[in-house]
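Colleague: From these two lone chains plus the hints, build me the complex, please.
Sequences listed follow chains A and B, in order.
Under our numbering, the first residue of the first sequence carries the number 1, and numbering increases by one thereafter.
Under our numbering, the first residue of the second sequence carries the number 1, and numbering increases by one thereafter.
None of these hints come from the bench; they were simulated from the model.
Each hint should be verified, as a subset may be incorrect.
[As the list claims (entries may be wrong)] Which stretches of chain B does chain A cover? Using the computed rule of at least three CB atoms under 8 angstroms from a CB of chain A, they are:
#, stretch
1, 43-51
2, 102-108
[Unchecked claim] Example chain B residues on the side facing chain A (calculated, C-beta under 10 angstroms, incomplete):
#, residue
3, 4
4, 30
5, 35
6, 88
7, 91
8, 92
9, 97
10, 98
All C-beta atoms, glycine included, are put in the ideal place defined by N, C-alpha and C.
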Amino acid sequence: ETGVTQTPRHLVMGMTNKKSLKCEQHLGHNAMYWYKQSAKKPLELMFVYNFKEQTENNSVPSRFSPECPNSSHLFLHLHTLQPEDSALYLCASSQTLAGAYEQYFGPGTRLTVT
Amino acid sequence: TQLLEQSPQFLSIQEGENLTVYCNSSSVFSSLQWYRQEPGEGPVLLVTVVTGGEVKKLKRLTFQFGDARKDSSLHITAAQPGDTGLYLCAGARANAGKSTFGDGTTLTVKP
Chain A
1 ETGVTQTPRH
11 LVMGMTNKKS
21 LKCEQHLGHN
31 AMYWYKQSAK
41 KPLELMFVYN
51 FKEQTENNSV
61 PSRFSPECPN
71 SSHLFLHLHT
81 LQPEDSALYL
91 CASSQTLAGA
101 YEQYFGPGTR
111 LTVT
Chain B
1 TQLLEQSPQF
11 LSIQEGENLT
21 VYCNSSSVFS
31 SLQWYRQEPG
41 EGPVLLVTVV
51 TGGEVKKLKR
61 LTFQFGDARK
71 DSSLHITAAQ
81 PGDTGLYLCA
91 GARANAGKST
101 FGDGTTLTVK
111 P
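If we strip away everything but chain B, and leave its shape as in the complex, we get (with noise of 0.2 angstroms):
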C-alpha cells in the first residue's frame, strides 16, 4: 500500500507554462517535504512544511500543505528547462523514526 500518492506521474510542458502537481495521503503527517533528482544525482531537498495550511515560496516554486496536514501541492510558475527533474514529496508521521516517499513525478520542461 502506497502511503503517499504522486500525482501527475508525467508531465511535459512549454517553457513559460504553470504547473501544479500533487501529493495526496490519507494519513496525517508532522512535516511533509518536497526534493527535487536530476538524473544520475540524489535528490536534494527543496522545503519542510510542518504547519496546516502552511504555505512557502522559493522563487519561483510556491509550497502548500493541506489544513489537515494529510496532502502538499507545488505549484512552478514559467516553467524552466532548469525545472526538469523527478519531483519526491516525503512524509514523516510524529515518533515514525522515518519518513515515506511517494514515487515522484518527472516533470520535463522544453525550450
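The shape of chain A in the complex, shown without the other chains (with noise of 0.2 angstroms):
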C-alpha cells in the first residue's frame, strides 16, 4: 500500500449505530487530519494530530470521537450521529506542522446517515 488509504470508502449507518472510519498512512509523517466535506461547502477541518496529540478541535460535536494510536493510524468513531452528518469524510497527512503543510489525502469515506 502507497499514500493515505482510508477503509471503508462507503458507509450507511442508521442514527443509533455506532461505527468506525479508519486511516493509515504508508508516508512516514508525524501530522494527521479529519476533514469533512458536504456538498456546496467548503472542506472543514475537523481534528489535528501531531506525534499522536491532538493539537486542532474545530468544534466538533462530540458524536465524532478520534484516535491517533501512532502517527500511522488514524480513527473516527461515530455514534448517534444526525443526517445532516451525511459527507465526505476525508483524511490527510504532512511530514510536520510546521513549513509548507502540504497535506496528502486519502480517497475518503462517503457517509450516509439514515
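Modeller: Printed below as a string of C-alpha cells:
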C-alpha cells in the first residue's frame, strides 16, 4: 500500500448505530487530519494530530470521537449521528505541522446517515 | 468569515481554451498550495508556492503567488477534458499549525 488509505469507502448507518472510520498513511508523516466535505460547503477541518497528540478540535460535536494510536493510524468513531452528518470524510497527512503544510489526502469515506 | 476566497465558483469551457482561476485573501500566508479533486476522490496536491512573486509551471498549468503573499492564481493553457475537477487553494500562516482551504472552483472542460 502507498500513500493514504481509508476504509470503508462507503458507509450507510442509522442514527443509533456505532461505526468507525479508519485511515492509514504509509508516507512516514507525523501529522494527520480529519476533514468533512459536504455538498456546496468548503472543506471543514475537524481534528489535527501531531505525533499522536491532538492539537486541534474545531468545535466538533462529541458524537465524533477521534483516536490516534500512532503516527500512521487515525480513527474516527461515530455514534448517534444525525442526517446532516452525511458527507465525504477525508483523512490527510503531512510531514509536520511546520513549514509548507503540504497535505496528502486519502480517497475519503462517503457516509450516509439514514 | 471565509479567509480564502476563490473565483469563479464555477467555470465551464470548451477544450482548447485558456482559463485563470483566483485565490484571494486579506491575510499573508507563509505558503500556499493548490489541489485538484475529482468526483469521489480526495484532493491531490499540485504545487506549493512560498516566495512572493513566485511562478511555477506544471506542464500546461502556471501558478503564481502574489508579491505580498496574499493571493494566487492558476492559469491553464489549452484546457483538456482531463483538467475537469474541483480546484482548491489552501493557505498556511506561520506557526498556525494548520492550513485554511478556499471553497474551490469547479472546472468543466467539454470535448
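Colleague: Each hint should be assessed against the structure and marked as holding or not.
Modeller: Outcome of the hint check:
1. 43-51: holds (count 5)
2. 102-108: holds (count 3)
3. 4: holds, 9 angstroms
4. 30: holds, 8 angstroms
5. 35: holds, 8 angstroms
6. 88: Because about 7 angstroms separates residue 88 of chain B from the closest Cβ in chain A, which is inside the 10 angstroms limit, the hint holds.
7. 91: holds, 9 angstroms
8. 92: holds, 4 angstroms
9. 97: holds, 5 angstroms
10. 98: Interface hint status for residue 98 of chain B: holds (6 angstroms vs cutoff 10 angstroms).
Consistency note: the structure conflicts with none of the earlier hints.
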